[in-house]
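Please put together the full structure from these sequences, using the hints given.
Top line first, the protein sequences correspond to chains V and P. So the first sequence is residues 1 to 308, counted in the numbering used here. So the second sequence is residues 309 to 616, counted in the numbering used here.
Treat the hints with caution; some may be incorrect.
Claimed, not checked - Covered, in the sense of this in silico footprint (three residues per stretch, anywhere, with C-beta under 8 Å from a C-beta of chain P), are these stretches of chain V:
#1 186 to 192
#2 203 to 213
#3 220 to 227
#4 257 to 271
#5 296 to 308
Said to hold, decoys possible - Calculated pairs, DSS-like style, for lysine-lysine (alpha carbon to alpha carbon, straight line, at most 27 Å):
#6 301(V) <-> 603(P)
#7 295(V) <-> 609(P)
#8 302(V) <-> 615(P)
#9 192(V) <-> 527(P)
#10 336(P) <-> 192(V)
#11 302(V) <-> 469(P)
#12 336(P) <-> 377(P)
#13 302(V) <-> 609(P)
#14 603(P) <-> 379(P)
#15 610(P) <-> 192(V)
#16 302(V) <-> 527(P)
#17 301(V) <-> 609(P)
#18 28(V) <-> 83(V)
#19 603(P) <-> 615(P)
Everything labelled a hint here was simulated from the structure, so no lab data went into it. Backbone N, C-alpha and C fix where the C-beta goes; we use that ideal spot for every residue, glycine too.
2 protein chains.
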Amino acid sequence: MRQRVLDMSFVIVGSLALDTIVTPSERKERIVGGSCTYCSLAASFFTHPKIVGVVGKDFPQQTIQLFEKRKIDLRGLEVTDGKTFFWEGHYGCDPNQRTTVKLEMNAFADFRPTLPADYKKADIVFLANIDPELQENILRQFQNPKWVAMDTINHWIENNKAALLRVLEKCNLFFCNDEEVKLITQEVNLIKAGKRILEMGPSLVVIKKGEHGALVLGKNFVFGVLAHPCDEVVDPTGAGDSFAGGFLGYLDSARSTRQEVLRRAAVFGSVMASFAIEDFGIERFKSLTDSDVRKRFIAFKKMVSFKL
Amino acid sequence: MRQRVLDMSFVIVGSLALDTIVTPSERKERIVGGSCTYCSLAASFFTHPKIVGVVGKDFPQQTIQLFEKRKIDLRGLEVTDGKTFFWEGHYGCDPNQRTTVKLEMNAFADFRPTLPADYKKADIVFLANIDPELQENILRQFQNPKWVAMDTINHWIENNKAALLRVLEKCNLFFCNDEEVKLITQEVNLIKAGKRILEMGPSLVVIKKGEHGALVLGKNFVFGVLAHPCDEVVDPTGAGDSFAGGFLGYLDSARSTRQEVLRRAAVFGSVMASFAIEDFGIERFKSLTDSDVRKRFIAFKKMVSFKL
Numbered sequence: 001m002r003q004r005v006l007d008m009s010f011v012i013v014g015s016l017a018l019d020t021i022v023t024p025s026e027r028k029e030r031i032v033g034g035s036c037t038y039c040s041l042a043a044s045f046f047t048h049p050k051i052v053g054v055v056g057k058d059f060p061q062q063t064i065q066l067f068e069k070r071k072i073d074l075r076g077l078e079v080t081d082g083k084t085f086f087w088e089g090h091y092g093c094d095p096n097q098r099t100t101v102k103l104e105m106n107a108f109a110d111f112r113p114t115l116p117a118d119y120k121k122a123d124i125v126f127l128a129n130i131d132p133e134l135q136e137n138i139l140r141q142f143q144n145p146k147w148v149a150m151d152t153i154n155h156w157i158e159n160n161k162a163a164l165l166r167v168l169e170k171c172n173l174f175f176c177n178d179e180e181v182k183l184i185t186q187e188v189n190l191i192k193a194g195k196r197i198l199e200m201g202p203s204l205v206v207i208k209k210g211e212h213g214a215l216v217l218g219k220n221f222v223f224g225v226l227a228h229p230c231d232e233v234v235d236p237t238g239a240g241d242s243f244a245g246g247f248l249g250y251l252d253s254a255r256s257t258r259q260e261v262l263r264r265a266a267v268f269g270s271v272m273a274s275f276a277i278e279d280f281g282i283e284r285f286k287s288l289t290d291s292d293v294r295k296r297f298i299a300f301k302k303m304v305s306f307k308l
Numbered sequence: 309m310r311q312r313v314l315d316m317s318f319v320i321v322g323s324l325a326l327d328t329i330v331t332p333s334e335r336k337e338r339i340v341g342g343s344c345t346y347c348s349l350a351a352s353f354f355t356h357p358k359i360v361g362v363v364g365k366d367f368p369q370q371t372i373q374l375f376e377k378r379k380i381d382l383r384g385l386e387v388t389d390g391k392t393f394f395w396e397g398h399y400g401c402d403p404n405q406r407t408t409v410k411l412e413m414n415a416f417a418d419f420r421p422t423l424p425a426d427y428k429k430a431d432i433v434f435l436a437n438i439d440p441e442l443q444e445n446i447l448r449q450f451q452n453p454k455w456v457a458m459d460t461i462n463h464w465i466e467n468n469k470a471a472l473l474r475v476l477e478k479c480n481l482f483f484c485n486d487e488e489v490k491l492i493t494q495e496v497n498l499i500k501a502g503k504r505i506l507e508m509g510p511s512l513v514v515i516k517k518g519e520h521g522a523l524v525l526g527k528n529f530v531f532g533v534l535a536h537p538c539d540e541v542v543d544p545t546g547a548g549d550s551f552a553g554g555f556l557g558y559l560d561s562a563r564s565t566r567q568e569v570l571r572r573a574a575v576f577g578s579v580m581a582s583f584a585i586e587d588f589g590i591e592r593f594k595s596l597t598d599s600d601v602r603k604r605f606i607a608f609k610k611m612v613s614f615k616l
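This is the structure in structure tokens:
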């Protein structure tokens, strides 16, 4: 079904964070999070991603060891004297209602990385959610990536749309959620909104819809993937990044962007997102096995299958 | 793929209406609508449904002829001297935002039908959206239906929940949308909400989610069906009723409620809903062919297919 290859070439650029998460039933203080963290852990079930990011001295050594155990390439990870990027988010009873209560850039404020030489030759680059100007700056350092993907959040669409659109133009794949795609395109219909994105640069757009799954729109095809039916969302944080990690990690291992591969990639994305939300932070990835991933992939197949 | 059978046994009880529909781009005055109308037209592509309802003298003869052409059994349709049930609804830019502006019960106010003798032997009964006390009253007249399905709207959940729950208890299948199931169960999580419904009587619940498709929950299975990707929703009215018509019409033609049949039924439901919204009122059903239905069913299959 999937394979690990020796010649890895997938680089993830994004945040590593300490998050304070408040849900209607619990509060977790300064647990490990960040777009790059979730994405690389999810991707590590398919390939050996290389990461680019920065943490402070307060970032747990245990998580670094987890990265190492999962064979994530950490040569692009800077450790500074300052503090790690911090985010506090509160969720309502509806896990789609999220409020950012606090955001401290900390180590990320002055992060201007220089990529290790062999990172620059990456085939797949994922610009996870960070300041689009930083995404742009880092993207320039790659020599000839075959497949560039990006993610963003409302904050950047509202505050630095110009830079965001410049990065988007250079992307093959745009990951967004339903709110974000409507905000960028000013279209309420998701299909129309997705098609507008395809006019802005990318040849593929993945619109994540939380409990409703995701839509994949290409120039000539539409693929729909459901979310795993979950009656207990413990912590929705990182679902989108885990989706991207599963998607791109699988793509890297398959070494192809044929439609058939993209479809499977989207299902693996949804599978990895479904695990991420089962526990706080990155907890679920600590015990997750290849066999769990494979079983859920098969469950997804069953969930949508019907005969002609 | 599907078959027409001679021994029909599917009765639909619901409204036949004149609707004034206002969308952001158009206004249509007093066009034909109603839950029974949409449902029976959709079902007529699979079987020959029998309908129970009432219209006034102002109901277009042309629509009666369309029913006859589609081989819908009209012996349970009363024509009174009064006026046809009237509804005025306005849609926002987001087609899920609907406001009821006017509602006149008219002929439905005193509707207490006595069913034709052979209607009473129906195998499948669909209690489409009407006053749950009327649903209850009519349901009593059936001798031994094998499969009873119902639909409702927020109005009855808010204003006559007691009667609604009594009908629900006697149902095998409950059709609802995401808002309604949350309102009845007070659960925000759709899977939890669906499971609660399964404790209230039905052995199956279909949660319709508009552009996000539908979830089918049984005691031992979950099936997810997408909506047809549509970039131009002309008029969302009747989508839910058309879903039920496709679902139950197919079930009646297949004469089985095996899981495999229920899955296909849900896809046919989604297919028929996707046609309903392509034009105002029942317009789309006038030109629709069996071949169109079959083609879209196959497109649905393609949209969700991926290989292990």
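Right, here's what the structure says about each hint:
Only residues whose beta carbon comes within less than 8 Å of a beta carbon in chain P count, and the region 186 to 192 of chain V has 5; three or more means the coverage holds. Beta-carbon proximity to chain P at under 8 Å applies to 4 residues in the region 203 to 213 of chain V; the threshold of 3 is reached and the given coverage holds. Judged by the Cβ-Cβ criterion of 8 Å, the region 220 to 227 of chain V is covered by chain P as claimed, because 5 of its residues qualify and three suffice. Counting residues of the region 257 to 271 of chain V whose CB falls under 8 Å from any CB of chain P gives 5; the rule of at least 3 is met.
Check on the region 296 to 308 of chain V: 9 of its residues sit with their Cβ under 8 Å from a Cβ of chain P, so the three-residue criterion for coverage holds. Distance hint between residue 301(V) and residue 603(P) is fulfilled; the C-alpha atoms sit about 22 Å from each other, no more than 27 Å. This hinted pair checks out: residue 295(V) and residue 609(P) have alpha carbons roughly 22 Å apart, not beyond 27 Å. Restraint check for residue 302(V) and residue 615(P): satisfied, since their Cα atoms lie roughly 11 Å apart, inside the 27 Å limit.
Note on residue 192(V) and residue 527(P): the hinted pairing is violated, with a Cα-Cα distance of about 37 Å set against a maximum of 27 Å. A distance of roughly 24 Å separates the Cα atoms of residue 336(P) and residue 192(V); the hinted pair therefore holds under the 27 Å criterion. Between residue 302(V) and residue 469(P) the alpha-carbon distance is near 35 Å, which puts this suggested pair outside the 27 Å criterion. A hinted pair counts as satisfied when its Cα atoms are at most 27 Å apart, and residue 336(P) with residue 377(P) qualifies at roughly 25 Å.
Distance check on the hinted pair: residue 302(V) and residue 609(P) sit about 13 Å apart at the alpha-carbon level, within 27 Å; holds. Simply put, residue 603(P) and residue 379(P) have alpha-carbon atoms about 22 Å apart, close enough for the 27 Å limit, and the pair holds. For the given pair, residue 610(P) sits about 20 Å from residue 192(V) by alpha-carbon distance, which is consistent with the 27 Å threshold. At most 27 Å may separate the alpha-carbon atoms for a hinted pair to count; residue 302(V) and residue 527(P) meet this at roughly 16 Å.
For the hint linking residue 301(V) to residue 609(P), the alpha-carbon distance of about 12 Å falls within 27 Å, and the restraint holds. For the given pair, residue 28(V) sits about 18 Å from residue 83(V) by alpha-carbon distance, which is consistent with the 27 Å threshold. A hinted pair counts as satisfied when its Cα atoms are at most 27 Å apart, and residue 603(P) with residue 615(P) qualifies at roughly 21 Å.
Hint violations for this structure: numbers 9, 11, all remaining hints satisfied.
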